Amino acid sequence: MRIFVLDADAAIKLAKAAMLDHLVSFASCAMAKQAYDEAMRGKEKMYEDAFAIEKLAENGRIRLSAVEVEREEGLGLGECATLALFRKMKADAIISDDRRFLSLLEGQEIPFMTSGDSIVLLARKRKISIVAADEALEAIRYLIREEQYQFAKRMIGGK
Amino acid sequence: MEAVPYPLRIPEEILTLAKLRAKEEYVDQSTAIRQLLYLGAEEYILHLVESGRLSIGKAAELLHLSIQDVQRLAVKHGVRLGPTMAQQKKSAEVLHRLSRK
Chain A
1 MRIFVLDADA
11 AIKLAKAAML
21 DHLVSFASCA
31 MAKQAYDEAM
41 RGKEKMYEDA
51 FAIEKLAENG
61 RIRLSAVEVE
71 REEGLGLGEC
81 ATLALFRKMK
91 ADAIISDDRR
101 FLSLLEGQEI
111 PFMTSGDSIV
121 LLARKRKISI
131 VAADEALEAI
141 RYLIREEQYQ
151 FAKRMIGGK
Chain B
1 MEAVPYPLRI
11 PEEILTLAKL
21 RAKEEYVDQS
31 TAIRQLLYLG
41 AEEYILHLVE
51 SGRLSIGKAA
61 ELLHLSIQDV
71 QRLAVKHGVR
81 LGPTMAQQKK
91 SAEVLHRLSR
101 K
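The listed protein sequences correspond, in order, to chains A and B. Numbering follows our numbering, with no gaps: position 87 of the first sequence is 87. Numbering follows our numbering, with no gaps: position 8 of the second sequence is 8.
For the record, the hints were derived by calculation from the structure and aren't laboratory data. Where hints are given, some of them may not hold.
[As the list claims (entries may be wrong)] Computed Cβ-Cβ distance ranges for the label pairs, DEER-style:
1) B/Ile14 to A/Ala18: 41 to 51 Å
2) B/Val79 to A/Val131: 41 to 51 Å
3) B/Ala3 to A/Arg154: 22 to 32 Å
4) A/Glu106 to B/Lys76: 23 to 33 Å
5) A/Glu72 to B/His47: 14 to 24 Å
[Unchecked claim] Only part of the chain A face toward chain B is listed, based on derived beta-carbon distances under 7 Å:
6) Ala8
7) Gly42
8) Met46
9) Tyr47
10) Lys90
11) Ala93
12) Arg99
13) Phe101
14) Gly107
15) Thr114
16) Ala139
All values reported here derive from a predicted model rather than from experimental measurement. The beta carbon of each residue, even a glycine, is placed where N, CA and C say it ideally should be.
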């Protein structure tokens with residue numbers, strides 16, 4: 001089974017797209033406690049995605065792990081902890097859309113996937129239909145770069 | 001957010017603007033100046049995130065907001081956050097590899 005570590009931003013987007021449930025059924029998903037806590041701050045303003053993430057964590061479908069963190073310049077605590085957890089778990093990839101975080105991962109040759117591509121992966125593995133993948137991408141289109149959206153759309157189409 | 005005193009020379013025009021805002025928002029002038037500073041900081045931080053100098057998590061820490069709030073703020077300011085094309089291609093490589101497995 002594949003192992004993914006998600007940062008708060010990606011978990012929130014996948015929850016908004018109603019894809020987090022599918023992803024945790026397909027792969028073993030983990031979040032650093034620090035990243036999870038960042039996502040949970042959304043509960044204060046009743047963001048539904050925060051409650052969806054909480055439910056999956058409470059059911060043990062998202063594994064939470066508190067890790068010791070070495071702070072990196074320009075990164076938040078959650079992203080630093082996500083990196084530490086990836087190393088600890090020897091996961092397949094980190095799921096993140098954050099440009100600053102991804103540039104650090106690129107530099108360290110750590111595999112990563114964007115939230116859009118993780119939706120494409122679910123479609124390719126036939127865990128969701130192409131229509132569902134399209135709808136999911138549409139749901140988060142306003143939160144991601146247009147190029148990222150178009151790229152994922154093309155990939156769903158098999159191009 | 002903890003406030004600390006800082007000596008500052010403010011252009012008269014900004015002070016006039018602050019007076020106007022204070023009147024309209026029913027706040028004192030110092031609060032109005034802080035609000036204007038904060039609005040500028042929000043936009044500046046969003047551009048740092050957009051250009052990859054700060055992460056969204058760091059932006060949330062600096063602004064004392066949740067990640068969801070920063071996402072909303074970006075939408076409000078018309079700033080689209082996300083990977084570079086080169087990063088997108090690397091993500092696609094991982095996607096292809098995992099699709100084959």
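Each hint tested on the structure:
| no. | hint | result |
| --- | --- | --- |
| 1 | B/Ile14 to A/Ala18: 41 to 51 Å | holds (46 Å) |
| 2 | B/Val79 to A/Val131: 41 to 51 Å | violated (30 Å) |
| 3 | B/Ala3 to A/Arg154: 22 to 32 Å | violated (49 Å) |
| 4 | A/Glu106 to B/Lys76: 23 to 33 Å | holds (29 Å) |
| 5 | A/Glu72 to B/His47: 14 to 24 Å | holds (20 Å) |
| 6 | Ala8 | holds (5 Å) |
| 7 | Gly42 | holds (4 Å) |
| 8 | Met46 | violated (10 Å) |
| 9 | Tyr47 | holds (4 Å) |
| 10 | Lys90 | violated (15 Å) |
| 11 | Ala93 | holds (5 Å) |
| 12 | Arg99 | holds (4 Å) |
| 13 | Phe101 | holds (5 Å) |
| 14 | Gly107 | violated (11 Å) |
| 15 | Thr114 | holds (5 Å) |
| 16 | Ala139 | violated (13 Å) |
Violation of the numbered hints given earlier is confined to hints 2, 3, 8, 10, 14 and 16; the remaining hints are satisfied by the structure.
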